[in-house]
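Enquirer: Chains as they are written, first to last, in my numbering: chain A, -14 to 189; chain B, 33 to 190.
Just so you know, the hints here were simulated from the structure itself, not pulled from any lab data.
Note that beta-carbon positions come from the ideal geometry of N, C-alpha and C, so glycine has one too.
Check the hints yourself; a few may be wrong.
[Said to hold, decoys possible] Simulated crosslink set (DMTMM-like; lysine to aspartate or glutamate; CA at most 25 Å straight-line):
id, chain 1, residue 1, chain 2, residue 2
1, A, Lys140, B, Asp136
2, B, Lys126, A, Asp115
3, B, Lys166, B, Asp136
4, B, Lys108, A, Glu45
5, B, Lys80, B, Asp57
6, B, Lys126, A, Glu172
7, A, Lys108, B, Asp136
8, A, Lys52, A, Glu42
9, B, Lys83, B, Asp57
10, B, Lys142, A, Asp115
11, B, Lys108, A, Glu42
12, A, Lys108, A, Glu134
13, B, Lys121, A, Asp115
14, B, Lys108, A, Asp124
[What the hints assert, rightly or not] Pair by pair, the computed Cβ-Cβ distance ranges are:
id, chain 1, residue 1, chain 2, residue 2, range
15, B, Pro65, A, Ala49, 31 to 37 Å
16, A, Val21, B, Gln105, 19 to 25 Å
17, A, Arg34, B, Val85, 37 to 43 Å
18, A, Glu45, B, Gly114, 36 to 42 Å
19, B, Arg110, A, Gln86, 24 to 30 Å
20, B, Lys159, A, Ser147, 29 to 35 Å
21, A, Lys140, B, Pro65, 26 to 32 Å
22, B, Lys156, A, Leu186, 57 to 63 Å
23, A, Gly53, B, Glu154, 56 to 62 Å
For reference, the chains in residue letters:
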Amino acid sequence: MAYPLRALARVLAASGLLALLVLVAGCQRADEGRAVFRGLDLTGASYGRDFRLTDPEGRERTLADFKGQVVLLYFGFTQCPDVCPTALIRAAEVRQLLGAQASRLQVIFVTIDPERDLPAVLKGYTAAFDPAFLGLYGDAERTRQTAQEFKVYYKKVPTGGSYTMDHSTLSYAFDPQGRLRLALRHEQSAQDYAHDLRLLLQNL
Amino acid sequence: MKRLTLSLAALMMAVAAQAQVSVKDAWVRATVPQQQATGAFMQLVSAKDAKLVEARSPVAGVVEIHEMAMVDQVMKMRAVPGLELPAGKMVELKPGGYHVMLMDLKGQVKDGDMVPLTLVVEGKDGKRQTLELKAPARPLNAAAQKDMSQGGHGAMKH
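When you get a sec, could you build the whole thing from the sequences and use the hints?
Expert: Structure (structure tokens):
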């Protein structure tokens, strides 16, 4: 009597294992189809669609100017002694990690302190990290609208007869079609950034 | 002669202060022309419990001790009234934490400049000591050691 029971158990175990294998294979196949980003996937987001800002030469720039390139967009201010240099140093390192593909990456630094970040300061500042970086600014109202469109928080905080700025530190990445795809966090490494930007450059 | 005595006294005071609090690896982030603020970073060790209560520099109109904090991906920078220096413990002012904020800069801080800094340290007994130092300016794109440890400064191709 025990014999057929054992056989049944064996069949069940085998089919269970088979089901598990099918499941595992299925998962792997699903993963191959879509890119796995290390940043926050914002594909299909209804915000962060475009900007209209001015470069240090006085030209108006929008996302359409960077078609075919991956754009890494960061909001900050030049008087920032800590996070902004760290973000721009990382962006310069990302360009090195991308090697020959670096020419297809445009790093953009948007000031949330246009009052003090005059075009010459902005230009000198971004160039100090990498001459290929672009600084953009708008007037107070345009800055406010842009930050709102990108869900970027910034606030003037008085200190010592002067002021400093609180601000969001996410970096946004756009694919070569100009669509917002990712938000990368400040604590992520240059390797994480390069990994995700490479995927965007492959049109994933 | 009087001058010599005075400067000798100043030197001795500085030596005495250095015995209390030592400063290592002080540096200032260089700026671009017309940039009005930057930060100074360093490592402090105090022999006895003390507090860094003030910083001054002739290159800046306003100098404050700042703490940087990240709250929900938002960077906030605030002046703190002082920075505790527990006895024998290294306190690091570095990107991602504390810094001496130099505001209303009187001119550009160029890479390689030696920036004079005065630190005022207060002991538990309320006695204040001043430390004079010169911190070299490092390029604007100088990274803190810590930021590189995550990933791959060693693996980076130059």
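Enquirer: So which of the earlier hints does this model not fit?
Expert: 4, 11, 13, 17, 18 and 19
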